[in-house]
Amino acid sequence: MSKKSYEEINCKIQKGEAVVMTAEEVLALVAEQGVKKAAQKVDVVTTGTFGPMCSSGAFLNFGHSDPPIRMNKVWLNDVPAYAGIAAVDAYIGATEYSETRPNYGGAHVIEELIAGNDVRLKAVSYGTDCYPRKEIETMINKDSLNESFLFNPRNAYQNYAAATNSTNKILHTYMGVLLPKFGNITYSTAGQLSPLLNDPYLRTIGIGTRIFLGGTEGYVAWNGTQHNPSKPRNDKGIPLTPAATLSLVGDLKAMSPQYIRAAVYKNYGISLFVGLGIPIPILDEEMMNFVSIRDEDISTTIFDYGVAERSRPALKTVTYAQLRSGLVELNGKKIRTAPLSSLFKARDIAQTLKERIQTGQFLLSSPVAPLPSSAKINPLEIKE
Amino acid sequence: MKNERVTLIFSAERYGIPITYHLVKDFDLRINILKAEITPGEEGYLLLDLEGSEENLENALQFLRKENIKVRTANKQIVLDKDACVHCGACTAVCFSQAMVMNPATWEVEFHSEKCIVCGLCIDACPTLSIRKGYSSPTDDE
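These protein sequence lines map, in sequence, to chains A and B.
Per this note's numbering, numbering of the first sequence is gapless, rising by one per residue and ending at 384.
Per this note's numbering, numbering of the second sequence is gapless, rising by one per residue and ending at 1142.
Hints may contain errors.
[Stated by the list, open to error] Covered by chain A, per the in silico footprint, the following chain B stretches (three or more residues, Cβ under 8 Å):
| hint | stretch |
| --- | --- |
| 1 | 1078-1090 |
| 2 | 1126-1132 |
[Claimed, not checked] Derived contacts from chain B toward chain A, CB cut-off under 8 Å, selection only:
| hint | residue |
| --- | --- |
| 3 | Ala1093 |
| 4 | Val1094 |
| 5 | Ser1097 |
| 6 | Trp1107 |
| 7 | Glu1110 |
| 8 | Leu1121 |
[Unchecked claim] Pair by pair, the computed Cβ-Cβ distance ranges are:
| hint | chain 1 | residue 1 | chain 2 | residue 2 | range |
| --- | --- | --- | --- | --- | --- |
| 9 | A | Arg312 | B | Asp1081 | 29 to 37 Å |
| 10 | B | Ala1036 | A | Lys73 | 54 to 62 Å |
| 11 | A | Glu7 | B | Pro1104 | 37 to 45 Å |
| 12 | A | Thr128 | B | Asn1103 | 53 to 61 Å |
Just so you know, the hints here were simulated from the structure itself, not pulled from any lab data.
The structure presented is a predicted model; accordingly, all values stated were derived computationally and were not measured.
All C-beta atoms in this analysis are idealised placements derived from N, C-alpha and C, irrespective of residue type, glycine included.
Please construct the entire structure, taking both the sequences and the accompanying hints into account.
Written out as structure tokens, the structure is:
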């Protein structure tokens, strides 16, 4: 069995000789030539996803005014940012709502900063001996900021639930608008192109893995919150329910509004479309086997979002091939399905990442440390 | 000749009227039924393209209103901003007339305005606020 190291692959990338394919393109090669030959031929397989990822936000450093202020509360375009860190540092969370403007929130502020727009900064303080100023109002943009980097505590969910609605009323959820009486089913992953589904046991994805984030290079910082690789898996090793997650970091200033977009879910709230892609090094046949999964190999569970409880009733297990077909049978009735994450954009990301690797602009990095391979998620119990 | 796209909304008591018969026979209109939904005992609606002389069209709409049928002229149309759209597909989840659909090859959102009944559900469903109701005159488009 032939094996390749990260160094060998990077050497080929630097010489412009690496064979790179997207996780969709490689399927035809594997079908035609088999896993063994494909593993010898291909060096890197690129993945991509572009979906709403609420657990996202950015750390910003505004620089010091004269006289200086120890910012106690901060607003950006009237969206509160968390200022409970050092004097002129703040974290703007994607889902935070504007206090004055409907359908506008932290995600929009992030999008505007990436686009290079001016954003109104307001801050107040109690004033200290070393930071006497008590309030400030000014305009900032990505050029005036010092550091500004996205730090997303939970992105890239490995698989996600599908949603439907058994009730008699229309539901506005983070899974989109769910029509009454099982009127539709929504789902949200890039399926066979999705990063963590192409390396189900996270053999090549760990702390320090270089990734495509929002149009630029980013890194895996840690496992994401609610990371749970201990979920039941199918015979291909694919978790049947939401499992592993990643915490990601990347330079906001180098990102593009093409790959980071604000999202508004009516009567639910604000979220952020995060464009992310992960290159999978084909170190050996096992890795080629992992990346050759197809939508028909990946299953998820349809849950009834009409039941507003922690454990929603699981109605049916379906494959992404079935969901992508546009119709899924549930209780003897054919129900229309719709995606919530953009496969069109996911393909663009996998393709763009592929081109960057092919042209030597993007090198692979081996993980500094692996992510936890098992976990237990605690519920929040209500105690007296 | 003039074209008009209208939605007729009628209550259960008005089901007895042969609307399309009257529109053709009495007002000499060419009608094309784009969408019809009638729930027994509840409200029903009919989305029609009407074509005829200006006078006949005007008289036909007056007749409908006299019969207590609500007439909504669909000169307001759904407009999809293709540049702002990220092709997530959230709008296709709510579009039961299948005017907003995913292209199964490219996975781009496609808008087929001829199927649209201007219900507006897609406007609420679109996370990037790329869909709005805009005015357009069908005769101007030709």
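The hints, checked one at a time:
Chain A is given as covering the stretch 1078-1090 of chain B, and this holds because 5 residues of the stretch bring a CB closer than 8 Å to a CB of that chain, at least three being needed. Counting residues of the stretch 1126-1132 of chain B whose CB lies closer than 8 Å to any CB of chain A gives 3, so the stated coverage by that chain holds, three being the minimum. The beta carbon of alanine 1093/B comes within 3 Å of a beta carbon in chain A, closer than 8 Å, and the hint placing it at the interface holds. Because the smallest distance between the Cβ of valine 1094/B and any Cβ of chain A comes to about 5 Å, under 8 Å, the interface hint for this residue holds.
For the restraint placing serine 1097/B at the interface with chain A, the shortest Cβ-Cβ distance is roughly 12 Å, beyond the 8 Å limit, so the hint is violated. Given hint, tryptophan 1107/B at the interface with chain A, holds; its Cβ is 4 Å from that chain's nearest Cβ, closer than 8 Å. Checking glutamate 1110/B against chain A: minimum C-beta separation of about 11 Å lies over 8 Å; hint violated. Evaluation of the leucine 1121/B hint against chain A yields a held restraint, the C-beta minimum of about 7 Å falling below 8 Å.
At about 34 Å, the CB distance of arginine 312/A to aspartate 1081/B agrees with the hint of 29 to 37 Å. Checking the proposed 54 to 62 Å range against alanine 1036/B and lysine 73/A shows it holds: the Cβ atoms sit about 56 Å from each other. Look at glutamate 7/A against proline 1104/B: about 41 Å separates their beta carbons, and that is inside 37 to 45 Å. Our hint of 53 to 61 Å for threonine 128/A and asparagine 1103/B holds, since their Cβ atoms are close to 59 Å apart.
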